[in-house]
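Q: Assemble chain B onto chain A, guided by the hints.
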Amino acid sequence: SQQGEEDPQALSIQEGENATMNCSYKTSINNLQWYRQNSGRGLVHLILIRSNEREKHSGRLRVTLDTSKKSSSLLITASRAADTASYFCATYNAGNMLTFGGGTRLMVKP
Amino acid sequence: DTGVSQNPRHKITKRGQNVTFRCDPISEHNRLYWYRQTLGQGPEFLTYFQNEAQLEKSRLLSDRFSAERPKGSFSTLEIQRTEQGDSAMYLCASSSTGGRGAYGYTFGSGTRLTVV
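Sequences listed follow chains A and B, in order. With the first letter of the first sequence counted as 1, position 96 gets the number 96 in the working numbering; the numbers rise by one all the way through. With the first letter of the second sequence counted as 1, position 3 gets the number 1003 in the working numbering; the numbers rise by one all the way through.
Just chain A, same shape as in the assembly:
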């Protein structure tokens, strides 16, 4: 079963615009992580936010976490064509493994 659900399922924007993806989950977590997957490839870890953190930045990425609403968002600023990929949120809980959502497919048009 998939714990996280991303919204939207697909997003198309112009280069230079910001992209926001949302993730909702169901049970309590230790941390939440975001991954990127280029077509036909493995997943690449982007950023991890712990349950006691509310916001985290890494380069052009900004992640927020609201544990009261069981939701997270990933913001990519000043998007580039190379950001075109699928983005997945994944929750880590006491079960000691990551549970992934269905992903958001982002297309950045040059």
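Calculated from the structure, these hints are not laboratory results. Note that this is a predicted model, so its numbers are computed, not measured. Treat the hints loosely; a few may be bogus.
[What the hints assert, rightly or not] Only pairs whose alpha carbons sit at most 30 Å apart, straight line, appear in this in silico DSBU-like list of lysine-lysine: (1) B:LYS1057 / A:LYS26; (2) A:LYS70 / B:LYS1057; (3) A:LYS69 / A:LYS26.
[What the hints assert, rightly or not] To list a few chain A residues with every Cβ distance to chain B over 10 Å, as calculated: (4) SER12; (5) ILE13; (6) ASN18; (7) ALA19; (8) SER24; (9) LEU61; (10) LEU75; (11) ALA78; (12) ARG80; (13) ALA85; (14) THR99; (15) MET107.
[To be verified] Example chain B residues on the side facing chain A (calculated, C-beta under 10 Å, incomplete): (16) GLU1028; (17) ARG1031; (18) PHE1065; (19) SER1095.
Beta carbons: idealized from backbone N, C-alpha and C, even for Gly.
A: Frame of chain A; chain B shown alone:
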């Protein structure tokens, strides 16, 4: 160390045949995970090892599936009597043991299985 390595990259097999995939994790990582991903979906957990011990298995892992991690190094995932529904990307990942899952996973490029 060049990351997590999976072999083969692609496998086409006839229904009913057995297939085996191999994963070589990052050498310092003591945890190894197998996931399955179908087109347009997120990865689904199959099983994980801490060192050589298999600690968790998903209900997705029917009795046709078996995974091993001898000596806590590389791992193999075998599917016996393959079915068309087994067609998917099989992903392997490894991580260190961190407090409260403090580290992200490093994924391999996956093995794409097609059952014809």
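Q: Checked against the structure, which of the hints given earlier come out wrong?
A: Hint check: 14, 16, 18 fail, others pass.
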